[in-house]
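Visitor: Top line first, the protein sequences correspond to chains A and B.
So in the working numbering, spot 214 of the first sequence is number 214, and the numbers just go up one at a time.
So in the working numbering, spot 24 of the second sequence is number 24, and the numbers just go up one at a time.
Hints are computed from structural coordinates only; laboratory data are not their basis.
Be careful, since some hints might not be right.
So the derived list for chain B, only partly shown, Cβ under 10 Å to chain A, looks like this [unchecked claim]:
1. Gly47
2. Ser83
3. Glu97
4. Lys121
5. Asp172
6. His238
7. Tyr243
For every residue, glycine included, the Cβ atom is placed at its ideal position computed from N, Cα and C.
One-letter residues, chain by chain:
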Amino acid sequence: MEPLLRAENVTVCYNGKPVVEDVSFELQKGEILGVVGESGSGKSTVMKAVMGLLGRDGLVTRGDIYYKGNNVTDMPEKKRRKLRGPEMGMVFQDCRAALCPIRKVGVQIYECLAEHEKITKAEAFRRAEFLMKKIGLEDAERILNSYPFELSGGMNQRIGICTAMLMNPSLLLADEPTSALDVTVQKRVMEELLQMRREYGTAMILVTHNIGLASAMADQILVMKSGKMMDYGPTDYVLHHSDNPYTRNLMNSVMHLNRVKVGEDDD
Amino acid sequence: MTEILLEAEHLKKIFLSGKTSLTAVDDVSFSLREGECLGIVGESGSGKSTIARLLTRLLEPTEGKIRLLGEDITHMSGKKLRSVYQKMQMVFQMPAESFDPRRTLGNGIGESLRNMGISRKETGKKVEELLVLCGLTPEYAGRYPHEISGGECQRAAIARALAVDPLLLICDEATSALDVTVQKQILELLTELKEKKKLSFVFICHDLALVQRFCDRVLVMHQGKVEETGTPDEIINHPKREYTKILIDSVL
Ligand SMILES: Nc1ncnc2c1ncn2[C@@H]1O[C@H](COP(=O)(O)OP(=O)(O)OP(=O)(O)O)[C@@H](O)[C@H]1O
Ligand SMILES: Nc1ncnc2c1ncn2[C@@H]1O[C@H](COP(=O)(O)OP(=O)(O)OP(=O)(O)O)[C@@H](O)[C@H]1O
Ligand SMILES: [Mg+2]
Ligand SMILES: [Mg+2]
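Given the sequences, and given the hints that come with them, work out the whole structure.
Guide: Given below as structure tokens:
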């Protein structure tokens, strides 16, 4: 079966300097790929290459990216734009920068939806509020009526998640989607994303530094360092049985909560 | 006995927008000793960043007092406030917003040094040292904020905060964009500064395992209020409040 997304030997350069080299992976419908690895290794760059959002300085110089069998690497911007949102959605690492600073977030969500479907503002707000409550944004009405700077880091991040999810894309690219969330909210977001996959068969790429999250969500893991693939395979294999020295070092550096087990406790 | 460095007394912050008001920080008090690290954890939206912005005087408190080394800084301004920033520095939750997009990182990191009258050449040298200390290379001094990754920006922000040799560092999710190996390296650096130079920290962080490793005391925040305080082991192994229990049990 043709995979939903296929990246073949992709090299990305900024101003002619390669930052991602020879990266290949594929993703079936409903599959979750976790991307972990060194800070600065090119994880966000890979996601932007898939979305066609590398900007003026960035360029895929080698390799190809296929979405539903179509090569999107050199697709004209006009066709690309149609894909963004309903086909591929992205949650950005720098979530607040992805929003317009001088307009209320509710209006921005409405406009995103209205670009691709016929919808009233009231209906957009209703759908947004329903999803927001599920990911712990109880105060939905106030939040929709706020400017990005009036919201906390984790609130902005959830607005990004909410907007991408509301478009119900076939492929969701989530770049550190829970880095600003407390662990209770992180759990709710995780459950909501898994629910979305169950219901709609959404495929996802999840970039995260949280190995616990990657391990709980991903079917496959890609490990990156200095722009190169270090490891790629089923989650359990990569995280627990790989003999790649970088992967092992990464796993050994994970900090675990030290909890006294019930019974061992002596007071 | 070590000296008390920072005291927050009954801090309160009410945000007014239109007809509605929101109490983001509600009667929060704590103190911090030299060389101590106070962790702040808790619900997203519970007022942690607001506390950080009150302490660093980027926001005016609605009520309450802030003292640094015994001196009331709650309403300080101008030149006096600038001298406070030589003792207290902050790493912001969204560090990309704290660098001027039109100036290089080197320029941003060295700014406070040049303001102190240090020569261009000396500043350049110090900036390179700081970058290397934070796991980057001297080459990053010439880059612009939009030309680096999320975690690289965080490290540049840490480098900038350390430039003036502060006594107190307020870190708002300062390591959230770092992979575990780089995070380890940064924590080693901060621990060394804590032990050798008695650097103190207010350390806002969602990663409870990291808080357990690095902090001496923890405040758990919930809806603008301090839910409970204690040592990390007390909070993690003997949580008293329901919210704290839920928090601990949600760790993946
Ligand atoms: N516009 C740009 N111009 C030049 N170099 C860039 C640009 N954007 C990113 N880089 C560099 O490309 C490399 C990869 O960056 P990328 O943002 O993809 O890393 P990342 O894996 O997402 O890191 P992090 O985990 O820290 O977010 C980094 O070394 C970064 O400095
Ligand atoms: N400038 C502002 N105007 C109005 N409301 C604000 C402003 N800044 C923050 N708030 C509100 O204050 C509350 C606390 O926000 P704060 O950023 O302190 O939370 P936080 O604990 O840092 O959360 P997170 O963990 O998500 O970063 C939130 O409800 C937020 O919407
Ligand atoms: Mg990134
Ligand atoms: Mg915050």
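Visitor: Does each hint fit the structure? Answer for all of them.
Guide: Checked hints:
1. Gly47: Check passed: Cβ of B/Gly47 comes within 8 Å of chain A, closer than 10 Å.
2. Ser83: B/Ser83 check fails; min Cβ-Cβ to chain A is 28 Å, beyond 10 Å.
3. Glu97: Since chain A brings a Cβ to about 7 Å from B/Glu97, closer than 10 Å, the hint holds.
4. Lys121: Violated. Min distance 28 Å.
5. Asp172: 8 Å, holds
6. His238: Holds: closest Cβ of chain A sits about 8 Å from B/His238, inside 10 Å.
7. Tyr243: 9 Å, holds
Going through the hint list in order, the structure does not satisfy hints 2, 4.
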